[in-house]
Each structure stands twice: as C-alpha cells, then as structure tokens.
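Here is what each chain is made of, one letter per residue.
4 protein chains.
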Amino acid sequence: MNPFSVPVRVYIEDTDAGGIVYYVNYLKFMERARTEFMRSLGFGKDGIFNDGIMFVVRDVKIRYVTSAVLDDELRVVAEPTLVKGARFVVRQSVHRNDELLADALVECACVSRISATPVRIPAAMRDALSNAINGG
Amino acid sequence: MNPFSVPVRVYIEDTDAGGIVYYVNYLKFMERARTEFMRSLGFGKDGIFNDGIMFVVRDVKIRYVTSAVLDDELRVVAEPTLVKGARFVVRQSVHRNDELLADALVECACVSRISATPVRIPAAMRDALSNAINGG
Amino acid sequence: MNPFSVPVRVYIEDTDAGGIVYYVNYLKFMERARTEFMRSLGFGKDGIFNDGIMFVVRDVKIRYVTSAVLDDELRVVAEPTLVKGARFVVRQSVHRNDELLADALVECACVSRISATPVRIPAAMRDALSNAINGG
Amino acid sequence: MNPFSVPVRVYIEDTDAGGIVYYVNYLKFMERARTEFMRSLGFGKDGIFNDGIMFVVRDVKIRYVTSAVLDDELRVVAEPTLVKGARFVVRQSVHRNDELLADALVECACVSRISATPVRIPAAMRDALSNAINGG
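Protein chains in written order, with our numbering: chain A, 3 to 138; chain B, 3 to 138; chain C, 3 to 138; chain D, 3 to 138.
There is no bait here: all hints are sound.
Identical chains share a label here; the pair holds if one copy fits it or two copies do between them.
With a Cα cut of at most 27 Å, we get these calculated DSS-like pairs of lysine-lysine:
(1) Lys-86 - Lys-47
(2) Lys-63 - Lys-86
(3) Lys-86 - Lys-30
(4) Lys-63 - Lys-30
(5) Lys-30 - Lys-47
Hints in this document: simulated from the structure, not taken from any laboratory. Just so you know, these numbers come straight off a predicted model, no measurement behind them.
Could you put together the complete structure from these sequences and hints?
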C-alpha cells in the first residue's frame, strides 16, 4: 500500500535568495502532511488541538538530499512508525516525481494545554496510529 | 527629533527566489518596530497582549519603492499619527542608509481577548500615544 | 461568472499566539491565488519568473474584517482590475463560507531581472489580463 | 571561554496558536546565530553567499526541551564542532536565562552556485573554523 501523502506546490513564499526552497520550510510541508494524515484517521482539529491537549514536536532528524525550486509540485509523505505513552514518531519525506528531496523522523508529544506536561495519547488515537503502523 | 526606529538585519529567512527580501516580510519588520516603540512608551507584553486585551491589525497601506537584499542593515521607523477610541495608526518606513525602501500606514485596534470585539485603548496607553503624536 | 479563487487550509504555521491567523500571512494566501490565476491564463513559472522578467509587488492596500483560525477552510479570490504598461492591479479577498475575512488591492509591476527597472508587461499577458478584466 | 551567541527577541511573527514559539522558527534563530558567527570570523555575505559558492544545510538534528513564548529574550549559541572537505557542523542551542529550550547539530555544505554540487570550503574559512573548534 502506498504511504499517506499530500501534494504541495512551491510558491515564492517558500523560496530563498539561493533560488531554492528555504530548507526550514520543508518542516512546514511535513507538518501539513502530518495534519492531513491525522485527519484521514478521523482526528481533525478537535482531536489534536483542543482545550485539553495539543501536540508538540519534541525531536526532528532531517536530511536534505536535493533542493526543490519555485513552482515544483512536491509530494510529502507521513507514515507513523511508533506510538507509545505520550509520543508518536512519524517518518516523513518530500519527493518530486521519483526523486527524494528530503527525509525525516519527527517525534511528537501529547501535552496538556494547562500544564504543558506530557499526557498519554488518547486511546482511540493510539489505536488508530497502531493500526496504521501495522499496515491497517 | 528623530522618529523611533529599530535596526533590522536581513537574513536568508527573509529573502525569496527573486534574490530580494520577500515583500510580505516588511510587515514583520514593521511589527518589530511597533512592538519596540510600545515598549519604549512603557508598554511591554503585559500592556499589549494580556488576558484582557490584545491588538490586531485592521488595515495596512504599504508602498514598495526599492528592494532590500540579503545582509542589508535596515532601519525601520514607527511613528504614531492617530489614536482614537479602540484604534491607533502608525506611520512606518524601512530605510537602507538614506534610501527609502518602503513606507506604510498601519491601523491597529484594541480588542477583547474574550469577545474579539473592539474595546477602548486603556487610558494610560492612549495618553502615551497622544503625547508621542504631539512630539512629546 | 464567479471570480477565480483557490482553497486554502489554515495550518499551525499560519497562526500566531493570538490564536488567529497571523495577519501578514493573508498576503501569502493572496499570492498563491494570484499565481494560480496567472497559471489559469496560461502563464506558469516560465511566464512570470524567468531570465528576463519577474513581477514584484509595488503597493498593497489590505483591510482585515474578521480573523481566520486554525483549520479553517478559506477561499481566496484573485480578480484583475487594471493592466497598464508595466503594472497590473488585482482585487483580492479571503472568505470563510459566506463571510468576508479580508480584502485587498495588490499592484504588481513587471521588472527586468537584470536592471530591476520596470518593463512593459509582455503583450500576450497584457491581452489575457485585459480579457479577464472585461469578463472574458 | 563562552561560546558565540546572539540575542533573539520573540515577536508575534514567531509564535503559533499553541501560544508558544512555532518550533520550526528555532531553525531560523539558529541560522541567524550561524550567520553572525561566520561574520565574527571575518566571513560576511561576500564570503558565504557569492557568485561562486553558497552554503546549504544538509542535515539537522534538533531536540526541543521547553517552549519559548512571546516576548522572551533568548540567547542562541553557535559552536563549530567539525570542518572537513565541503562541510562543517555547528552545535547550536537556544536558552532563556539558565534554561535550555532546544539544542541541535546542523551540518552545512559548501556548494557551487552554478552546479549545486559540493565544493571544498575555501582554505581561509576552513582554517578559521578549525581554529574556532580548537578553542582559538
């Protein structure tokens, strides 16, 4: 099965004076893909950013292979690889046709809106992520 | 008397593939200058963004004259021109040495954090803005 | 006939600590719509950003009516209203269902990539814009 | 000796609807510190972004510990740890007083502006980085 992905068009806002996509912005593209992946599991805004909890990024490892340029049509992948306690890990990548531009591991943590401390991922979300990890 | 201004250095994050500062980012530079101007009047974060009120931008008229480029040292001016009820207007400009790069009029409104509706600017702030407008 | 528009989803990258879309980012949304509008006329990247010319924004008048929030699905309109010499003007607006969030007039100028000075808009593009203005 | 650092004030542009600094923006803060660090070694824009070469980020590992919020005064550290061939690595961190908010390893590569392929870091820059690594 193909992993979940979203299309991203590169606009001038995404580029820098090097004539390429500003490398920081790949993290924005990846977050759009994670957000849509969660929505595809049934967890829209109310599930991931509400009065009780929100998700914060705890750790990113990203490797840049080739640069995207203005007007490129990219495909941005989000595949969960781990869910445990308060955190989950998503493998992400950015592609232009068959070419890999960047890949990353992004670790997210569920935190309380009030205390900003970690809280267990809600059971329904944990089960949905587990299921997705196991090829469901 | 010289108007209030702050220095801004142009970093790669501010540029676009045209090799110039992305025009949208001048509004960020201008907001930094407004924020520091308010601080200079004695209104730091607690005064302008608290549980009761915050300020939102209601209207911007901006004219771009010449482009800034990577590594430029800019000077960004903030001069209040009007304060009335829930709103105030700031004249802003961006300079590179003696050269004008952009100028703008920015209208800000004080709104309730709860209702998002306009509320009168607190008297101490209104007085400080009035005083600044009158050359104080 | 309905004006040209594109959908824009609000992601966390677009928001600020006020809990709303950072007002500066509406200009990014509007540029996405202008870019896609030009593409719909047959002018993709090669037409608007090439070795000879590019377009820069010269003037923006924007009015903010209501704030967008995280996860909103917006519609962003781009309608040309004037084309003359080196410049054209686009009326733009941002909507959430039937609600107007912001509207703007954006003036763009065609400039030489070499000299950064204004050059006449290429005839084919001028004609396409004129035609669009006249309801074509 | 204290490592090289720059102060960064958090403005509304840096925050997100979670009420904290948008995690992606720490990478911008870190790049400002790297740029100023290179300048402190004598390599301003002409040295790091010219007709022949520029530097691109190849790899980032970043860990987020605690969130910054609006108006925080941060200190952002840049310390080179390796220079070899076309690349160098910088250890970076973001602090609020004595508190660590994030740390990272950022690998940069020198590339040709023409071919976008790696080229050896110019000798003078390599020597300056080596010297800095060795506590010079």
